[in-house]
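A.B. asks: Sequence:
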Amino acid sequence: MDTFALIVTIAVALFFTYTNGFHDSANAIATSVSTRALTPRAALAMAAVMNLAGAFLGSGVAKTVSEGLIETPQGSKGMGILFAALIGAIVWNLVTWYFGLPSSSSHALFGGMVGAALAGGTQVLWGGVLDKIIIPMFLSPVVGLIVGYLVMTAILWLFRRSNPHKAKRGFRIAQTVSAAGMALGHGLQDAQKTMGVVVLALVISGHQTFSDPIPVWVKLVCAVMLSLGTYAGGWRIMRTLGRKIIELDPPQGFAAETTGASIMFTTAFLFKAPISTTHVITSAIMGVGATKRVNAVRWGVAKNIVLGWFITMPAAALVAAAAFGIVNLTVL
Numbered sequence: 046m047d048t049f050a051l052i053v054t055i056a057v058a059l060f061f062t063y064t065n066g067f068h069d070s071a072n073a074i075a076t077s078v079s080t081r082a083l084t085p086r087a088a089l090a091m092a093a094v095m096n097l098a099g100a101f102l103g104s105g106v107a108k109t110v111s112e113g114l115i116e117t118p119q120g121s122k123g124m125g126i127l128f129a130a131l132i133g134a135i136v137w138n139l140v141t142w143y144f145g146l147p148s149s150s151s152h153a154l155f156g157g158m159v160g161a162a163l164a165g166g167t168q169v170l171w172g173g174v175l176d177k178i179i180i181p182m183f184l185s186p187v188v189g190l191i192v193g194y195l196v197m198t199a200i201l202w203l204f205r206r207s208n209p210h211k212a213k214r215g216f217r218i219a220q221t222v223s224a225a226g227m228a229l230g231h232g233l234q235d236a237q238k239t240m241g242v243v244v245l246a247l248v249i250s251g252h253q254t255f256s257d258p259i260p261v262w263v264k265l266v267c268a269v270m271l272s273l274g275t276y277a278g279g280w281r282i283m284r285t286l287g288r289k290i291i292e293l294d295p296p297q298g299f300a301a302e303t304t305g306a307s308i309m310f311t312t313a314f315l316f317k318a319p320i321s322t323t324h325v326i327t328s329a330i331m332g333v334g335a336t337k338r339v340n341a342v343r344w345g346v347a348k349n350i351v352l353g354w355f356i357t358m359p360a361a362a363l364v365a366a367a368a369f370g371i372v373n374l375t376v377l
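The numbers in the numbering used here rise by one with no breaks, and the one at position 12 of the sequence shown is 57.
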């Protein structure tokens with residue numbers, strides 16, 4: 046197996062992780078920044094550290110990505126498929142970041158893998174795609190919306206007799222904890238997705254088998270790149286999540302972050318399902334905002350975001366398929 050192809054593929058995977066970090070940093074900190082619970086730089090630094098820590102909490106999501114979605118042949122063709130999948134995901138990340146659209150880096154990666162596999166004539170494990178990707182893609186936003194609404198309703202009831210100014214001050218402090226939990230969940234979910242891709246590259250090249258544990262260096266470099274990307278900051282998307290959907294106050298920010306973190310930990314540990322942190326926190330913000338009044342949520346903005354979710358996988362798949370075609374003609 047060409048060692049150069051392996052090195053290039055791993056380097057591209059790490060660049061994808063970096064784009065994932067700055068694309069999705071808003072997921073962890075937009076609410077706490079918009080409510081002024083944390084300054085932007087302090088929030089980004091905290092998120093970067095917690096992303097790093099979260100990456101070492103498990104490996105179930107990584108196993109799902111590496112083994113459960115596509116069959117990749119050994120040798121240069123398999124590496125070409127993986128390389129093309131990453132190109133599709135990176136291109137979609139950059140396009141949606143430019144337009145400030147909080148789409149899912151995770152589903153861009155999955156779409157890229159499916160598109161490249163189909164273009165390369167490789168089997169797609171549709172059962173795994175359905176169970177681990179499609180069903181959670183539809184369920185997680187619904188759960189986020191409902192749980193966010195219920196959590197915020199409970200907070201409003203519990204603090205109904207509290208002094209509003211004191212309560213907001215307390216929730217502003219509490220948001221440092223909920224934002225940290227959100228960032229930890231982001232590391233747990235998103236760093237593992239790239240770990241799965243790197244492991245797949247090592248398996249294709251014959252350096253590892255699926256039964257081997259994930260090497261420590263793989264965990265470390267994926268976690269570091271995600272953290273560096275997070276610290277770079279995704280200001281365009283942060284404005285969309287923090288301000289354009291709804292003007293959040295500290296109790297609402299705390300409720301949204303607590304909801305998002307809880308769902309991410311539950312799906313990672315219980316179901317080993319790679320869900321989208323973007324879908325979860327965005328839907329949680331919508332659910333929390335709806336407790337104020339339904340029209341407090343800017344549903345026009347929400348509609349555009351949800352539309353972006355639906356086109357992410359096919360768009361990334363098309364780019365990945367085109368990338369494989371180019372790789373196949375020029376290299377393979």
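Calculated from the structure, these hints are not laboratory results.
All residues carry an ideal CB built from backbone N, CA and C; glycine is no exception.
Any given hint could be a false lead.
[To be verified] Listed next, with one range per pair, are the computed distances between beta-carbon atoms: (1) Phe314 - Leu352: 25 to 33 angstroms; (2) Pro85 - Phe255: 39 to 47 angstroms; (3) His252 - Ala87: 21 to 29 angstroms.
A.B. asks: Does 25 to 33 angstroms hold as the CB distance between Phe314 and Leu352, or does it fail?
C.D. replies: 31 angstroms, holds
A.B. asks: Could you tell me whether the CB distance from Pro85 to Phe255 stays inside 39 to 47 angstroms?
C.D. replies: 41 angstroms, holds
A.B. asks: Holds or violated: the 21 to 29 angstroms window for the beta-carbon distance between His252 and Ala87?
C.D. replies: This hint is violated: roughly 40 angstroms between Cβ atoms.
This entry does not satisfy hint 3, going by the numbered hints stated previously; all others are met.
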